[in-house]
Amino acid sequence: MSHNCNNLLITCMDFRFHKAICCWVNENGLTKDYDLVSIAGAQKALLDEDTRATVLKQIELSVKLHGINTVIFMAHQDCGAYGGSDSFDDDESEKAKYDEDMTTAEEIVKKKYPDIAVRKMLVVFNEDEEIEIKEL
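Going by our numbering, the letters in the sequence shown line up with residues 1 to 136, in that order.
Note that these hints are calculated values from the structure, not bench results.
Note that the structure is a prediction, hence the values are computed from the model and not measured.
Take the hints with a grain of salt, since some may be wrong.
Stated by the list, open to error - Derived DEER-like restraints, expressed as beta-carbon distance ranges:
1) Ala-20 - Gly-83: 16 to 26 Å
2) Leu-47 - Phe-125: 17 to 27 Å
3) Asn-126 - Glu-60: 32 to 42 Å
4) Ala-20 - Gly-84: 16 to 26 Å
5) Gly-80 - Arg-52: 18 to 28 Å
6) Glu-92 - Lys-64: 35 to 45 Å
7) Thr-54 - Thr-103: 18 to 28 Å
8) Gly-84 - Asp-115: 31 to 41 Å
9) Glu-127 - Cys-23: 11 to 21 Å
For glycine and all other residues, C-beta sits at the position ideal for the given N, C-alpha and C.
Based on the provided sequences and hints, a complete structural model is requested.
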């Protein structure tokens with residue numbers, strides 16, 4: 001039996017965002033079209049020498065077993081792996097750090113899989129404390 005999907009979603013394990021991420025997956029037509037890796041810090045786990053091999057192995061298996069063509073990194077505001085929002089001067093510097101790290105993670109993926117597309121998403125709290133997911 002053949003079973004393929006197009007996407008690998010790499011997201012943080014933080015429970016606060018599971019429902020919003022599931023809604024985003026459904027709204028974007030990915031429900032039956034993605035593999036999932038949930039690991040503390042998401043993209044940060046690919047930059048960390050202690051966890052890089054684990055994440056790369058998951059990407060390798062997703063490519064080999066399911067033929068994915070896109071990796072989606074999904075970072076989130078107030079990530080404990082980064083020390084939370086209090087570790088940053090403001091929302092913009094926090095967003096910039098996640099963007100920078102996702103760009104570095106993208107470079108790592110592209111070095112091994114040059115034909116894989118990479119998307120960078122950020123989960124944030126809006127002014128009403130509701131969760132929004134934005135593409136960077």
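Tested hints:
1. Ala-20 - Gly-83: 16 to 26 Å: Given range 16 to 26 Å: holds, Cβ gap about 22 Å.
2. Leu-47 - Phe-125: 17 to 27 Å: 24 Å, holds
3. Asn-126 - Glu-60: 32 to 42 Å: 36 Å, holds
4. Ala-20 - Gly-84: 16 to 26 Å: Distance hint for Ala-20, Gly-84 holds at roughly 18 Å.
5. Gly-80 - Arg-52: 18 to 28 Å: With Cβ atoms ~19 Å apart, the hint holds.
6. Glu-92 - Lys-64: 35 to 45 Å: Roughly 39 Å apart at Cβ, these two residues keep to the hinted range, so it holds.
7. Thr-54 - Thr-103: 18 to 28 Å: Holds - the Cβ-Cβ distance for Thr-54 and Thr-103, about 21 Å, lies within 18 to 28 Å.
8. Gly-84 - Asp-115: 31 to 41 Å: 36 Å, holds
9. Glu-127 - Cys-23: 11 to 21 Å: Holds, at about 19 Å.
Figure legend: structure checked against the earlier numbered hints; every hint is met.
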